[in-house]
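**Student:** Chain by chain, the residues:
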Amino acid sequence: MSKRIDVKDLNVYYGNFLAVEGVNINIDAKSVTAFIGPSGCGKSTFLRTLNRMHEVLPGARVEGEVLLDGDNLYGPGVDPVTVRTQVGMVFQRPNPFPTMSIRDNVLAGVKLNNKKISKGEADTLVERSLQGANLWNEVKDRLDKPGSGLSGGQQQRLCIARAIAVEPQVILMDEPCSALDPISTLAVEDLINELKDQYTVVIVTHNMQQAARVSDKTAFFNIAGTGKPGKLIEFADTSTIFNNPSQKATEDYVSGRFG
Amino acid sequence: MLKVDVTTNSLTTSQGAGRAGDKVFSGAALTAGCLILAVLFGVALFLVVQAIPAFVAPAADIQGGQGFFAYIWPIVLGTLIAALIALVIATPVAIGVALFISHYAPRRLASGLGYVIDLLAAIPSVVYGAWGAAFLAKEIAPAYDWLADNMGWLPIFQGPASATGKTILTAGIVLSVMVLPIITSLSREIFLQTPKLHEEAALALGATRWEMIKMAVLPFGRPGIISAVMLGLGRALGETMAVALVLSSGVLTASLIQSGNQTIAAEIALNFPEASGLKVNTLIAAGLVLFVITLAVNMVARWIITKHKEFSGAN
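Taken in sequence, the protein lines are chains H and V. Here the first sequence stands for residues 1 to 259, where the numbers follow this note's numbering. Here the second sequence stands for residues 1001 to 1315, where the numbers follow this note's numbering.
These are calculated hints, taken from the structure and not from any lab test. There could be a bad hint or two in this list.
[Stated by the list, open to error] Only pairs whose alpha carbons sit at most 25 Å apart, straight line, appear in this in silico BS3-like list of lysine-lysine:
1. H:Lys145 / V:Lys1279
2. H:Lys145 / H:Lys8
3. V:Lys1196 / H:Lys111
4. H:Lys119 / H:Lys140
5. H:Lys145 / V:Lys1196
6. V:Lys1214 / H:Lys116
7. V:Lys1307 / H:Lys115
8. H:Lys119 / V:Lys1214
9. H:Lys111 / V:Lys1138
[Unchecked claim] Here are a few chain H residues that face chain V, going by a calculated C-beta distance under 8 Å:
10. Phe91
11. Thr99
12. Ala108
13. Leu112
14. Lys115
15. Ser118
16. Lys231
17. Ile233
C-beta: ideal position from N, C-alpha, C; glycine also.
Assemble the whole structure, with the sequences as input and the hints as a guide.
**Tutor:** Structure follows, in structure tokens:
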């Protein structure tokens, strides 16, 4: 239940502005890959091209290929809706649907496309997803309460439960812990470690310790200056990136000399 | 213990000019707030005092000769029917137009369309009335004949249909055009305020655009839609000129396509100029009833909104 991602010569544009240039990267199935780099270097933009969420902004487009187990996400006739059922996403700020209960939040994606699901199946799925997100014990007695009543960290795990309930191949996380306190961050990081047994996880983070803690491989993105496109500078095993990077820019960044 | 000398404490000196501004503004705000209450109270008091003679008068003296209640309830029902028709037609159209503007139309078309909708609100109601009476009623009369022929078994479409088309259904349709811009522009504003986060959450789960709207936009906008509809209802209930011109009024009738029925506002407008004595009190009492209905509608709307507060996202 997880697929690999291969990106070939990807350019991302907003209108005529080239935001990310020439990315080539191979992301293994059942691994955690972290994207690091200074603000504005295009790592979030690039992450969003992996499930075509960048298209939400008018004028955004890409050149190049993103292959999910060999299938091009940008091939002719590919529906972004289908892509997003395969490649789920967790956002920077927890965003459970405020009008839905915890239970309905978990089932939100499953009930799409007019899929019918029996109550028994739904109960099983809710429990399995919440357990998968390490949230079941905290919320099992209040599944009918609104999801917005949970703490920030619980809300973020609820969002992860919602994402895994649709059984995607890949889970993208866009700075999932940047709005959370250290304890909640730890809970989410533990969860990421467990998720990679079943899913391909890609995470954008500003926190280099976090990248070092959770990821198998790390990609460093950088930008030459304002108005210039972001580029993938180096992609290697996380230990290599942090201990023995081949690029000077990577070494400067991970050792805190800039950024 | 440190001894503080008040006279040398630099924190006790006040900035004269800034404080004066604060006082003036809070005074002005308080006055404005009180003024609203005073005006509302004054109007209510006037209505009640002037209406009392109609309530206590002998039944035979009231128009119709059967007392105030027998006089008022048919036109209360007529008012509600006309407003209900207007809302039933206008609400889905308005929400559809608002969604089109906020989530479907290309940006340039959206702003143009929004402007046109707002323009609808700028047309004076007497113009709507004239349009309804002179044009719409005539054009729509054949449709009423068809309804009477084919759906006549429903009491609301019972024939024979009015030949002039000046029926409560026509009045309701005219009212629906009039309340459309209010509901549309308010709903559009609400829909545009839907947090991007929630829309993206839905899209990232594999929702189509319509599913995203069902999941994120409409639930978020529900209290706003209810307020918008209630504001529209308020206008439909109180609208006078259009109904007075369009409707060929008469006694309460179940059929919507025959002439007949009357609304409170139109009844007051048509009869007030020639009224005298107890008749004036009767009409003012009718106005009081309309006031109470509008108040009740607003309170119900507020109640509906607070009932869903827990799930509204306000927390």
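**Student:** All hints are to be evaluated individually against the structure, with a verdict given for each.
**Tutor:** Consistency of the hints with the structure:
no.	hint	result
1	H:Lys145 / V:Lys1279	violated, 56 Å
2	H:Lys145 / H:Lys8	violated, 45 Å
3	V:Lys1196 / H:Lys111	holds, 21 Å
4	H:Lys119 / H:Lys140	holds, 16 Å
5	H:Lys145 / V:Lys1196	holds, 23 Å
6	V:Lys1214 / H:Lys116	holds, 17 Å
7	V:Lys1307 / H:Lys115	violated, 30 Å
8	H:Lys119 / V:Lys1214	holds, 21 Å
9	H:Lys111 / V:Lys1138	violated, 48 Å
10	Phe91	holds, 6 Å
11	Thr99	holds, 4 Å
12	Ala108	holds, 6 Å
13	Leu112	holds, 5 Å
14	Lys115	violated, 11 Å
15	Ser118	violated, 20 Å
16	Lys231	violated, 26 Å
17	Ile233	violated, 28 Å
In this structure, the hints that do not hold are numbers 1, 2, 7, 9, 14, 15, 16 and 17, in rising order.
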